[in-house]
Amino acid sequence: MMSNYLLHHKEKGKHLFTKAFVGVLLVALILALVQIVFPKSLSGVSNFVSAPFWKSKNFAVSKIVNSAGLLRSKKALIEANNDLKAQIESNDLVLLSLDLFKEENIRLKELFDRQIPDTEDSVLGVVLARPSASMYDTLIIDVGSGSGVRKDNYVYIAGDIFIGKIDEIYKKTSLVRLFSSPGEVTQVGVGLESISANAEGIGGGNFIAKLPRGIGIEEGDIVTMPDVSLKVFAVVEEIDADPSDPFLTALFKNPVNINDIKWVQVITNR
Amino acid sequence: MFGSLLFLPWWFTVIAAIAFLAYFNAYEILFWGLFGDFLYSASVTEFFNFQFIFVSLFTLLFIGAYFLKKRLIFYNV
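Protein sequences, first through last, are from chains A and B. Reading the first sequence from the start, the letters are residues -12 to 257 in my numbering. Reading the second sequence from the start, the letters are residues 833 to 909 in my numbering.
None of these hints come from the bench; they were simulated from the model. There's no promise every hint is true.
Part of the chain A face toward chain B, derived, beta carbon under 7 Å [to be verified]:
#	residue
1	15
2	18
3	30
4	119
5	122
Part of the chain A face toward chain B, derived, beta carbon under 7 Å [to be verified]:
#	residue
6	19
7	33
8	37
9	40
10	42
By construction, the Cβ of each residue, glycine as well, lies at the ideal position given by its N, Cα and C atoms.
The following block holds chain B by itself, in its conformation from the complex (with noise of 0.2 Å):
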């Protein structure tokens, strides 16, 4: 995820992020949303200059799968 931030473009980050939250429960991917925004935020002027975007998406993200994975049953959670 790391090397994703840094190196690649922000939509393989989000499926690296996706991929991760597939196979474990990756609450680690909340810090590298925090790590991602540090990094690059600029205030968003269309969103009352909201600066945390990675990390909301990660959040929601990670909810999704939970609630998700509940009604799979490959998962058992």
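Bound conformation, chain A alone (with noise of 0.2 Å):
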């Protein structure tokens, strides 16, 4: 009688292999359950375990990129520190300048008795994981709900770009949604005279808006939030306009390249 063994073999090894995968995805559906029941539960967890990771890392680059400068020559070391001297310089007047209008505007607005908004008290936060590191176009910062922040806090670089709007809390970390997730709309005003639309996120710090056609825009025109604080939102890169089509499409671009930043604010008051 012929042994069948081999055949045996590979059939349990089938069989064994169809359990082992059932019961991975078995293990793996409970998990996804807990995590929508408890939302913050195994996310939590997640994020206690990676942050020394990413700060590690982030300690570990800056080390090596400051090292780096060691190995270039003196003198285009002192070549790039005038040049950064020189734009120093620039920046600080365009600054000044830029502080004469804010006292205008703040001037303006109380001539027309428009409320001022308060001070707004913010937390600084560095960026541990960028919008690269995953397909949803989220951050995650290193201030949480033990530096004050709440959900939906407005999250801003450099003072005065919006980017998104704080999602999950915990303890010393945070998820920011960034306005450009996909499928997000935001409504903003866009140009000097501020016309309404809805701008759609289509991931990477990209909007899209549908617009009335001979409305005025230009590319380059700035796209603010409908309050009266003077914060940008996006800059029109693109505008694209079918003859037959009574609407225009307009393309927006945060002006700052969402996977390069390093530090953002987080309003806590707003």
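Now that you have both chains on their own, put them together as the hints suggest.
If you want it as structure tokens, here you go:
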């Protein structure tokens, strides 16, 4: 009688594989259910485990970048230093005029009896994980409930550029959902006349909006959020107008590269 | 995979998962997918607030790899 050992072994192996796969899938489903029912439990643990690795990586990268500067020639460093000094002087002059405009803006609002927002309390946060790390267009920052951060607090770069809102908070970290997350719709004002539009996020700091033709927007126009503050939302990057379409398609882009940011500000009283 | 999820772009993580599936019956990629979703997920408005993109993608890759391996002479599945 011929032995069917190999066939029997192969069938046994196939059943074992199927059982193992079903078992693993079941465990994964249970964990996913736990995440749905208790949203912060497993996310909090994951963030707690990952935060030290992100901070170590940031520390190591900054050390390597600083050390790499030692390899550059003295001449190159002096030239770079002089260029940066000239750039700082030029930026200081621009900031001076910006301060004057802000001052004038506040006085005009007072004149027209508009409510001036209170001074914003903010917390500075380091970006631990950038949007490129996931498919969700989210950031993870190193400030959490312990630093006074709350859900839906606005998040800015460089004090004046909106990028998103706090979506999840943990003790020492927070998840920021960017306004450019796919499907996220934000009401904005386009250009000097603040023409109302709905900007839909398409990921990576990019937005798309439909506007009626002939409204006079141009590439380079600033897009803002429709309240009384002077916060930049995006810049008009491209306008696509089909002659047969009564609407034009405007593409907005965040003026800062979202994948390069290292620091953000979280406004804790808005 | 852990390092890839934390430090590298998402597409590299997907490629690493495919590479693991090519060489092993890598059941653990489902757990890595869950870990990625726990870390980074926010509900995706376009897909009815779904927030398990990583684990869904890895499950599909796993099932696809299983059926592909059955048909390839290189694998003894």
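- Query: So which of the earlier hints does this model not fit?
  - Reply: Failing hint: just 10.
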